[in-house]
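**Student:** Please build the complete structure, drawing on both the sequences and the hints.
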Amino acid sequence: MNYFQARISAETAFYFRELKTIYEKEDNISYTQAQVIVKALDDISSIQDWDKVILANYNLPKIKLDEKDLRIRIQINPDIEEMIKNYKSFFPQFVGTRSVTLGVTLKYILKGAIFNFKNPNLDENISIDTLFEKYELRIQKLVAEVNLDDLHNVLLQFKREIKKC
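Counting from 1, position 158 in the sequence shown corresponds to residue 908 in my numbering; the numbering is continuous, with no gaps.
One or more hints might be untrue.
Restricting the straight-line Cα-Cα distance to at most 16 Å, the calculated cross-link-like pairs of lysine to aspartate or glutamate (EDC-like) are [said to hold, decoys possible]:
#1 LYS814 <-> GLU761
#2 LYS770 <-> ASP819
#3 LYS913 <-> ASP879
#4 LYS909 <-> GLU886
#5 LYS812 <-> GLU761
Here are the simulated distance ranges between beta carbons [claimed, not checked]:
#6 GLU832 <-> ILE889: 47 to 53 Å
#7 ASN897 <-> THR782: 40 to 46 Å
#8 GLY846 <-> LEU901: 28 to 34 Å
#9 GLN783 <-> PHE908: 48 to 54 Å
#10 GLN890 <-> ASN869: 26 to 32 Å
#11 THR782 <-> PRO811: 22 to 28 Å
Everything labelled a hint here was simulated from the structure, so no lab data went into it. Ideal Cβ positions, reconstructed from N, Cα and C, are used throughout, including at glycine.
**Tutor:** Pasting the structure below:
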């Protein structure tokens, strides 16, 4: 395995810390930088609308960073390195430049994973019927049994009206 190296911005370092915290809380284990990148690459594979990810703004806190925090030097397998390079070629179309650096590529990969975590239903194509079924079941638990037929009819009528729009 070769070393993968990149200089990153303070913003990217923040995303690294944020995502590492998210993953460690979610899985209850400790993650290395390489593991964070690999998991992030897996998490962003379903993103279709990169414009939303790139334009998303997160309030970045002022954090004290050392010089070592702005450099990444990790061992990853060649397949992962190739995936990162593919994203490096992919991202310029969204930012209006001819190319982006590895650091910028990592920024968008990490930002995409955080965005996916904060917006889990973003890439799902949920139909109106599916949404109504989901919420009808939840509402049925709150309504007296004697009123369930009326509830079902009202929701059915509401769904039809929405579909007309």
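**Student:** Determine for every hint whether it applies to the structure shown.
**Tutor:** Consistency of the hints with the structure:
no.	hint	result
1	LYS814 <-> GLU761	holds, 12 Å
2	LYS770 <-> ASP819	holds, 14 Å
3	LYS913 <-> ASP879	holds, 10 Å
4	LYS909 <-> GLU886	holds, 11 Å
5	LYS812 <-> GLU761	holds, 10 Å
6	GLU832 <-> ILE889: 47 to 53 Å	holds, 49 Å
7	ASN897 <-> THR782: 40 to 46 Å	violated, 55 Å
8	GLY846 <-> LEU901: 28 to 34 Å	violated, 50 Å
9	GLN783 <-> PHE908: 48 to 54 Å	holds, 49 Å
10	GLN890 <-> ASN869: 26 to 32 Å	holds, 28 Å
11	THR782 <-> PRO811: 22 to 28 Å	holds, 23 Å
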